[in-house]
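Chains as they are written, first to last, in our numbering: chain A, 1 to 150; chain B, 1001 to 1194; chain C, 2001 to 2112.
Read the hints as simulated data drawn from the structure, not as lab findings. Just so you know, these numbers come straight off a predicted model, no measurement behind them. Note that CB positions come from ideal geometry on N, CA and C, so glycine has one too. Keep in mind that a hint or two might mislead.
Residues on chain A that point at chain C, a partial pick, calculated with CB under 10 Å [what the hints assert, rightly or not]:
no., residue
1, 21
2, 22
3, 25
4, 26
5, 37
6, 38
7, 39
8, 41
9, 43
10, 46
11, 76
12, 77
13, 80
14, 136
15, 138
In silico DMTMM-like links for lysine to aspartate or glutamate, alpha-carbon gap of 25 Å or less [to be verified]:
no., chain 1, residue 1, chain 2, residue 2
16, B, 1022, C, 2061
17, B, 1022, C, 2109
18, A, 14, A, 67
19, B, 1022, C, 2097
20, A, 62, C, 2109
21, A, 14, A, 63
22, A, 75, B, 1112
23, C, 2098, C, 2109
24, A, 75, A, 63
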Amino acid sequence: MSRERDPGMSLIVKTITRLTVGLILLFGIYLLLHGHLTPGGGFAGGVIIALSLVHVMLAFGKDKAFEVLSVSGAKALEGIGALLFLAVALLGLAWGAFFLNFVPKGEVFELFSAGTIPVSNIAIACKVGAGLFSIFVALVIMKHEPTEKE
Amino acid sequence: MVAIYVLLGLMIVGAIVAIEVKNLLSAVVALGTVGLMMSILFLLMKAPDVAITLLVVEILAVIILIRATIKRDVEVPEEKDRPIGGLIALAFLLVLTLVSAGAFGELPPFGEPQMRVASYYLDQGYSLEGEPGGTGAANVVASVILDYRAYDTLGEATVLFTAVVGVLAVMRKVGRKKDRLATAKEPTEEGGSA
Amino acid sequence: MAVYVLCMVLFCVGIYAVVSKRNLIRIIIGIMISENAVNLFFIATAYRIGGRSPIFSPLTDVQNMVDPLPHALVLTAIVIGLATTALMVALAMRLHEKYGTFDIAQIRELRG
């Protein structure tokens, strides 16, 4: 069934991956956006988003995963996450203190509340997800290298 | 309460299996069971944030370790320990455990934390619109890591960035094998300086 | 108290693997076990018997919360642990590529 140059795993794994990877990504985004209301937050959401990309890469091979997010895209996303987090911190300096929560707090238990905390969550998730994805890409490309050589 | 001790005992058994079993792949799987049991333990100790994070992190760590070990020398032919060094280490660790048991007696007993710092965060509450103090977040852990103690998170981001740069630098292809680089026309920007 | 001592035993299992094993992957596993033990110790110091999770609820007035501060510290420590583990795995793979083995004694012999 599987041809010689067909990257990735078998048909069963590919079909199941096609069905589940969107749900995994959606769950990661849900945890990320509700980080200030429910358990979760930027760290867990970022790792789950990275895991959904890893899932695509393991099932379909690395080319398909690079269509979703390339290596340079992951690097840019990590930089954007770090800069966004620093920007939130430095904007607080304009109101008087580093990491000041300067945005109006809004209604408690609503999605748009808690000032800068959701923005920081998104920044942290970008950084963690892109960083772990690029770590995994580095390890996997390294592993495929000897088979290409022979 | 009993469940905590049972899970801790299973974790210790899993850890001993992970370091003593012959096959490296089995060792990695045993490490995964240790992580999963610890995730349940965090849930029992009322730390759901940490439990979710540990669960996904442990999955990713097991995937990375399996990619590292599989198809390399998975069955190690003769994996000799260092017998003398192992015995000395065992004796030292036994003494360390006994001494630390005395030190643990000085801590507040299990289940009764003192919470000198954290009571401030809990007293602030989630503070409605217009009130001073508080962050407006319902999840106290999120407000601690991203507002009260965001310096910790900034340092964590720095360490993570350094680790990513380190992995990319160690794994890069540029300048490692000059002859191969000349023949293969592969894009080399994967391992460039991030 | 008994929970703390069991955490210490788990930590010692990890340290024993680091000290007495000769396979690089097994040393990495030992470091990960020690990390997990330290994280567990922090969470155990935060636990309060009969406590609730540190999350406010709109329906009830949650009393008797557990300590949220070690949770925040451990949350960052876990992600850092994964990143450093990946760094260690990268170094081990590079050593395996250069010397063809994970055995640190053989690597030491081959170096000179």
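Taking the hints in turn, this is what the structure says about them:
Against a cut-off of 10 Å between C-beta atoms, the interface hint on residue 21 of chain A is violated, since the closest Cβ of chain C lies about 21 Å away. With its C-beta approaching chain C no nearer than about 24 Å, residue 22 of chain A sits outside the 10 Å limit, and its interface hint is violated. With its C-beta approaching chain C no nearer than about 19 Å, residue 25 of chain A sits outside the 10 Å limit, and its interface hint is violated. Annotation: residue 26 of chain A was flagged as interfacial toward chain C, and the flag is violated, the nearest CB pair being 22 Å apart, outside 10 Å.
Evaluation of the residue 37 of chain A hint against chain C yields a held restraint, the C-beta minimum of about 8 Å falling below 10 Å. About 7 Å separates the beta-carbon of residue 38 of chain A from the nearest beta-carbon of chain C, less than 10 Å, and the hint is met. Residue-level restraint check for residue 39 of chain A holds (minimum Cβ-Cβ distance to chain C is 7 Å; threshold 10 Å). Residue-level restraint check for residue 41 of chain A holds (minimum Cβ-Cβ distance to chain C is 8 Å; threshold 10 Å).
The criterion of a C-beta within 10 Å of any C-beta in chain C is met by residue 43 of chain A, whose closest approach is roughly 5 Å, and the hint holds. Because the closest C-beta pair between residue 46 of chain A and chain C is about 8 Å apart, less than 10 Å, the hint holds. Taking 10 Å as the C-beta cut-off, the interface hint given for residue 76 of chain A is violated, the closest approach to chain C being about 19 Å. Checking residue 77 of chain A against chain C: minimum C-beta separation of about 16 Å lies over 10 Å; hint violated.
At a threshold of 10 Å, the smallest CB-CB gap from residue 80 of chain A to chain C is about 18 Å, leaving the interface hint violated. Checking residue 136 of chain A against chain C by beta carbon gives a least distance of about 8 Å; that is within 10 Å, so the hint holds. For the restraint placing residue 138 of chain A at the interface with chain C, the shortest Cβ-Cβ distance is roughly 7 Å, inside the 10 Å limit, so the hint holds. Taken as a hint, the residue 1022 of chain B and residue 2061 of chain C pair is broken in the structure, with Cα atoms around 53 Å apart against an allowance of 25 Å.
Restraint check for residue 1022 of chain B and residue 2109 of chain C: the C-alpha separation of about 23 Å stays at or below 25 Å, so the hint holds. With a C-alpha separation of about 16 Å, the suggested pair residue 14 of chain A and residue 67 of chain A falls inside the 25 Å cut-off, and the hint holds. The straight-line distance between the Cα atoms of residue 1022 of chain B and residue 2097 of chain C is roughly 22 Å, inside the 25 Å bound, and the hint therefore holds. Of the pairs offered as hints, the one joining residue 62 of chain A and residue 2109 of chain C is violated, with about 37 Å between alpha carbons and a cut-off of 25 Å exceeded.
Restraint check: the Cα-Cα separation between residue 14 of chain A and residue 63 of chain A comes to about 14 Å, which is no more than 25 Å; the hinted pair holds. Taking the CA atoms of residue 75 of chain A and residue 1112 of chain B, the gap is about 45 Å. The hint is violated against a cut of 25 Å. At most 25 Å may separate the alpha-carbon atoms for a hinted pair to count; residue 2098 of chain C and residue 2109 of chain C meet this at roughly 13 Å. Taking the CA atoms of residue 75 of chain A and residue 63 of chain A, the gap is about 17 Å. The hint holds against a cut of 25 Å.
The structure shown violates the earlier hints numbered 1, 2, 3, 4, 11, 12, 13, 16, 20 and 22.
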